[in-house]
Every structure is written in structure tokens, then in C-alpha cells.
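Student: Each protein sequence line maps, in turn, to chains A and B. Residue numbering for the first sequence is 577 to 944, as defined by my numbering. Residue numbering for the second sequence is 577 to 944, as defined by my numbering.
Everything labelled a hint here was simulated from the structure, so no lab data went into it. All C-beta atoms in this analysis are idealised placements derived from N, C-alpha and C, irrespective of residue type, glycine included. Incorrect hints may appear among the rest.
Reference listing, derived: stretches of chain A covered by chain B, where coverage requires no fewer than 3 residues with Cβ under 8 Å from a Cβ of chain B [unchecked claim]:
#1 717-730
#2 743-757
#3 898-912
#4 917-930
2 protein chains.
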Amino acid sequence: MKLKGKQHSRSLASSRKEDVQKLLKELGQSIYRKMNEGVFPDVVIPRRSVRNMVYDEVLKQYVLGESSVTRSSQNIKHIRPFTHLVWLAFFVDKLLENGKTSTLRDVYYSAQAYNVEFKDQPESDDIITDLEARFSRPRENFSIYPEERSAIFGDVTIEYTVPGYEGKKLNLASHPDGYLIGPSLSTAELVETSAEMVIAVEKGGLFTRFVEEKVHDKYKAIIIDTAGQPPRSTRFMLKRLNRELGLPVYILTDGDVYGEHIAMVIVSGSANAAHLRDLTVPSGKWIGVWGSDIVRYKLPSIPLTDHDFKRLHELKKDPRYRKGIWRKELDVFLKIKRKSELEAFAKYGLTAIVDKYLPEKLEAAKSL
Amino acid sequence: MKLKGKQHSRSLASSRKEDVQKLLKELGQSIYRKMNEGVFPDVVIPRRSVRNMVYDEVLKQYVLGESSVTRSSQNIKHIRPFTHLVWLAFFVDKLLENGKTSTLRDVYYSAQAYNVEFKDQPESDDIITDLEARFSRPRENFSIYPEERSAIFGDVTIEYTVPGYEGKKLNLASHPDGYLIGPSLSTAELVETSAEMVIAVEKGGLFTRFVEEKVHDKYKAIIIDTAGQPPRSTRFMLKRLNRELGLPVYILTDGDVYGEHIAMVIVSGSANAAHLRDLTVPSGKWIGVWGSDIVRYKLPSIPLTDHDFKRLHELKKDPRYRKGIWRKELDVFLKIKRKSELEAFAKYGLTAIVDKYLPEKLEAAKSL
Numbered sequence: 577m578k579l580k581g582k583q584h585s586r587s588l589a590s591s592r593k594e595d596v597q598k599l600l601k602e603l604g605q606s607i608y609r610k611m612n613e614g615v616f617p618d619v620v621i622p623r624r625s626v627r628n629m630v631y632d633e634v635l636k637q638y639v640l641g642e643s644s645v646t647r648s649s650q651n652i653k654h655i656r657p658f659t660h661l662v663w664l665a666f667f668v669d670k671l672l673e674n675g676k677t678s679t680l681r682d683v684y685y686s687a688q689a690y691n692v693e694f695k696d697q698p699e700s701d702d703i704i705t706d707l708e709a710r711f712s713r714p715r716e717n718f719s720i721y722p723e724e725r726s727a728i729f730g731d732v733t734i735e736y737t738v739p740g741y742e743g744k745k746l747n748l749a750s751h752p753d754g755y756l757i758g759p760s761l762s763t764a765e766l767v768e769t770s771a772e773m774v775i776a777v778e779k780g781g782l783f784t785r786f787v788e789e790k791v792h793d794k795y796k797a798i799i800i801d802t803a804g805q806p807p808r809s810t811r812f813m814l815k816r817l818n819r820e821l822g823l824p825v826y827i828l829t830d831g832d833v834y835g836e837h838i839a840m841v842i843v844s845g846s847a848n849a850a851h852l853r854d855l856t857v858p859s860g861k862w863i864g865v866w867g868s869d870i871v872r873y874k875l876p877s878i879p880l881t882d883h884d885f886k887r888l889h890e891l892k893k894d895p896r897y898r899k900g901i902w903r904k905e906l907d908v909f910l911k912i913k914r915k916s917e918l919e920a921f922a923k924y925g926l927t928a929i930v931d932k933y934l935p936e937k938l939e940a941a942k943s944l
Numbered sequence: 577m578k579l580k581g582k583q584h585s586r587s588l589a590s591s592r593k594e595d596v597q598k599l600l601k602e603l604g605q606s607i608y609r610k611m612n613e614g615v616f617p618d619v620v621i622p623r624r625s626v627r628n629m630v631y632d633e634v635l636k637q638y639v640l641g642e643s644s645v646t647r648s649s650q651n652i653k654h655i656r657p658f659t660h661l662v663w664l665a666f667f668v669d670k671l672l673e674n675g676k677t678s679t680l681r682d683v684y685y686s687a688q689a690y691n692v693e694f695k696d697q698p699e700s701d702d703i704i705t706d707l708e709a710r711f712s713r714p715r716e717n718f719s720i721y722p723e724e725r726s727a728i729f730g731d732v733t734i735e736y737t738v739p740g741y742e743g744k745k746l747n748l749a750s751h752p753d754g755y756l757i758g759p760s761l762s763t764a765e766l767v768e769t770s771a772e773m774v775i776a777v778e779k780g781g782l783f784t785r786f787v788e789e790k791v792h793d794k795y796k797a798i799i800i801d802t803a804g805q806p807p808r809s810t811r812f813m814l815k816r817l818n819r820e821l822g823l824p825v826y827i828l829t830d831g832d833v834y835g836e837h838i839a840m841v842i843v844s845g846s847a848n849a850a851h852l853r854d855l856t857v858p859s860g861k862w863i864g865v866w867g868s869d870i871v872r873y874k875l876p877s878i879p880l881t882d883h884d885f886k887r888l889h890e891l892k893k894d895p896r897y898r899k900g901i902w903r904k905e906l907d908v909f910l911k912i913k914r915k916s917e918l919e920a921f922a923k924y925g926l927t928a929i930v931d932k933y934l935p936e937k938l939e940a941a942k943s944l
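Generate the whole structure from the sequences, applying the supplied hints.
Tutor: The following block contains the structure:
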């Protein structure tokens, strides 16, 4: 058992809460100050348009440029989003104060309790993203969580910080079907682990196969089911396992452009989270299923659809896909015009993916 | 803590395995016997067509009628499905013998390891359903599990029967984000519980809200997240909690026709599982959100879409919707022409659904 890389002087949950509440207070004070000075209050937010996004080679993710927007209460067109943002700041403060979690949809409906009206949920979602951009903090820090959940299994001991469970510990290797990654796990301390790597797989069936075949023992691995494109809580957890425990992260997806992009989003985030920093694992490695694996392992495959080709050409324009394995494998998919699923390895027996493919790819990953 | 309603002389997993392997052996013996007698072997399977489905008022579910199909190796048109079925029986025996789980997709690809060819996955899925119908056993008993997972939380102690975990116990109240319901939980013994009811909710966000607001304590409840239309493993678990532990099951969904149908499928199964008996909770109660709740609680709502109306009229033709609350609420939806989400209660504060709505509906359920 090794101790976590970094000792926290206080719990993650309480430091997150203090951090955000401090930012909220400053925002409120700036508004009051301007009113006292007889000036119309405003809020300045980094501009989130595509034209203000640039790819940062060092951070290995999209970031926002220098451009910003000002929402001024003096401008009749700005009054609505300005008011929405101020209400949201107030509501987030209440959530944190009372130790409650919520979802994007909860926030939309909660506004009605305050006679604040959003015309639809996309409008309230957008204001939440504005507050994220304003504070450079993900909405999970505001206690707004995704509704989707994915799962984790492996020898890591956590310590809860949520109300009613503070100080309680749990080892995540006792339930072989896996533990959901929700608000409690997201805010738990990572106390100790014997694991030496994290393996993220795209599918629940494979997750179960990996546990059943004891991948966690054989490779000293923590196994994560991303359940397709992973929810942000899961990307946040992958980042924490990587950064706090120093574990390398390997990603295994279906052998198609969507699988490749699942891996890319874990590694370098999504363009629409360009205003955030805490959701990426820049050292993460996509170990398969590559287009070239379809050929090498003679996997059962099916032809790419028009939709696949369209997506492929979109990704080719993305600067993140300009080099390395990302570029190389996009070109292979384009050449062979076929795709495979992870389960295709069952052609060689149910355990072939664990006995043969996984060790070969983990070995190859050393030179990636 | 009360003991489980029924003492099992041996584990569920091992009795399931013996049960299915006995059926497989009999199938194999009948084929060999016919060959030894110089007769072309065949397999008789209940006919699964809509014309052979009838609604059983006592069982409260669709069942298959008397009609059957014979797949004879003498008929050139039958050779393909006959061979597929015999191979599947062989493969399931291997799965059970080796204690491995699989998915529908795994089976499709595994066939290629034996040079057995399915033209696509629907063809292999269909053969799996044939074997279910032949044996009147769900495919989970063949160790073929759904890939989707939903979750459970509450004071129930289970004892695993899967390899490597035999005899280990776990209480499902220690991880507030919830435990996935996969093969291990599906085959675990339910040892003891202090719970007095099960509450199934349609959404992950609400599941978290319920745990956060201690619904499990206040109502002595086990909470299940169905994650939309529940996977079969989850329906099977609901049935077990109901039948083995004697717990009433209450179902809470969005206030729309899809939500109503989620509840109906938990209570009375789906038409395409008419050949099975183990997936229903006939005494289960849909406690909301009803169409009439939208009116009574003045919930934020949106207009039904054309698609909603189409589905509504389909359900009105289903005999299961001919009476009681099912019929009444379909009519209300048709009259008010609107629908609401569970989160809409946040209009009255985040905890209103737990503090006000849930107790009122549980009370009302007594007279359902």
C-alpha cells in the first residue's frame, strides 16, 4: 500500500466549498460596491465562442483566448443574462451552504421557486457554463453533478467527506460489479492504493470481464467503466487518480472513430470545456482498439458508415489529431474503411482480450 | 434486522447452474437418442409470435399460448437455426462450467471461435431468445447478462456466490453513490435487511437526492435507480427483493407515458418476454408522477409531442392498461395534453419531492 502522493491539510470537499464561496462573495461584493458608487454593476466573462478557442500545445487541450464579454445591467439586452447569473451565484451559495447536490435539470426547475424564469433548460445550462467560465471552476465544484454515472473497481481506499459519511472509509475492491462514481466518490479523499495503473474501458460488459479475469490483480489496476463517452465526474476521477496517486491511465475503446474520440476527450478534454482546466489527463494513453489492431489481429469488422466517414473528416481537421498515434490511426481507419468492437476479440475466446491483447498493448504503450 | 423470508439450502448461483445444465443435458440426450434411433433430431420451441401471446389476468403478464414451432434437422430450411441453437446450448454449458459471464454481443462474436456463423447480432440474439423460450429460463440463468447497469443502495446484506467472492458478505448501505447491479449482485444471496420497502426511481439525479435526504432511513427503504427503462438484471433484482424478502415495491417515474410504461414493465414485464416468468413484480405499485399529480401539484409541464400521443394511443390498446390507475392516468395525460419530469418538484425546493410528495404518495398507495 502506498500513501497518496499528496497530503491534504483539509478535506477536498470543504476546501472546494470555501474556494467557491470566496469567489461568490467577491462577485457579490463587486456588485454591491458598484451600486454604492452609483455605477451600473456588470460581470465580465471569458468569451466562449469558437473564435476565442485556441489549442494549447503545453496543456494539451483547448483553452480560451483573451477575448471577453461584459454583461452590464445598464444594457437592456444584458439585464436578463446578468440577472440569471446573479441568481445562479446566489443559488450555488445555498447549495454549498446546505451541503446539497443538484443536476443541470434541478437548477432549471429550482429557478421557478424564486420566480426566476428560464425559457428552457438550454438557457439555464448556458448560464451555468458562464459561471464556470467566470470562475474557471467546473460546475461539480458548485455542487451541480451530471445525472449519468459510470463505475469503478479496484484496490483503492477512499474516505468520504459528504454529510453523514465524513471520515468513513471504503475500499473499492469489495463489490465486483463496481461502485458508481457520483458526488460522494467525487469528493472523497483518495487515502491509499496498491494499484500501479488505471485501465478505463468503454463498456460495462468488458468492465465485468476484466474484473472476472482479475485484471485488477494481474496488472495491479484500478478498472473504470466509462459507459461510452465518460460523464464529467468520471473524467474528474481519472484526473485525480492520475494526479493525486500518480497512476498512469490507459484507455481501451471500440476500434472506431468514436472510440478514438472517447480516449481523446479523457486525454485533452472537449472543446466546449475550453474554459476549464481540471478535466484532462494529458499523459493518458489510448492503447486500442486501433485501426491497425483490426488488421493485425484479424478482427471481425464491419464497414464504416457515411456518418463514420463524416466524423472522421471532422476529426482530421482538429489540431489534436495532427500527429502521433491519433493521426496515424485516423488514417488507418480511412484506409481500411472498417471498424471493430472490443467484443470482437471473443472470436479468439472470451478471455483472449485479457490474456493476449491487453498485455501486448500495455507493453507497446511504453513506447507511445 | 429480519432474516430473509426463505432459507436457501444451497446458493442461488449453484442451483441455477445445476438447473440449466440439467436442461441442457436433457436436450443433448434427446438429440443423441433420435440419432441413435435413425431419426432426424429436432427441437420444439413455444411460438413467440404476437398471435401466440395472450394476457394472463392472474399472472398479470403476457404469456405464450399453446402454439409451438419445430426445428427439424430433416428440413433444409431449419438446419441453420437448429445448428445455431445446438451450438448455443453447447456454448452456454461451457460458460456455466467455467463460471464465466457474457453479453449478447459476446455470444455473437464467440460463435466465430467455433466457425459458427451468424449473419449479424440480431440473428444470434434471436437464437438466445429461442433457448430462453425452450427452457422457460431468462438468459441471465445462462450467464448472458445485459451490458447496461443500474444501481442499488440500502440496508441489505448480500452474500456473493461468484468465483473468488464465495461467502463474502457486503452491506449495500456503505457507498452513498450506489452499487451497480451486475452478475455478482444478481447471483448473490439476500441475507438480511432492516428495510420495509423498495423505492425504484427512474433517474440517477433523483437516486442521489433520495440517498442525500436519507429516504432509506426515514422510510426504511432500499432505493433503486432504474436508469430509465430498467435492464433485466434490475427487474430480476426487484422481483427478488419483493419475493424473497417480502418487500413491497413502489415505482416513481417522470410524469409521462414513457414513465408510466417503465412502471408497467416492472410490474408485468414486456411483451417480448412473454415466454418468461421471473421478471415481474405483480404487486408493484406505480406511485407517480401521475398526470393528475401534474394538475394537483401545479407542476411545471410541457406539451405532449406527436410521438407522445402516438405512444399513448398504442398503450390504450394494451389490455394491461384497460383498468385501474393505468387507464385513469393515460386518460388524464390525454386530457391535459402535458407532461412533467420528476425534477419539476424543485419548483418547490430541492427537497419538496422527498418531504412532501413522497409521503403523500406512499400514504395514497395503501388504497391502490
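Student: Now, for every hint given, state plainly whether the structure supports it.
Tutor: Status of each hint after checking the structure:
With a threshold of 8 Å between beta carbons, the proposed coverage of the segment 717-730 of chain A by chain B holds, since 5 of its residues qualify and at least three are required. With a threshold of 8 Å between beta carbons, the proposed coverage of the segment 743-757 of chain A by chain B holds, since 10 of its residues qualify and at least three are required. With 0 residues having a Cβ less than 8 Å from any Cβ of chain B, the segment 898-912 of chain A misses the three-residue criterion, and the hint is violated. Coverage of the segment 917-930 of chain A by chain B holds. Counting CB-CB distances below 8 Å, 10 residues qualify, and the rule asks for three or more.
Violated hint: 3 only; the structure is consistent with all others.
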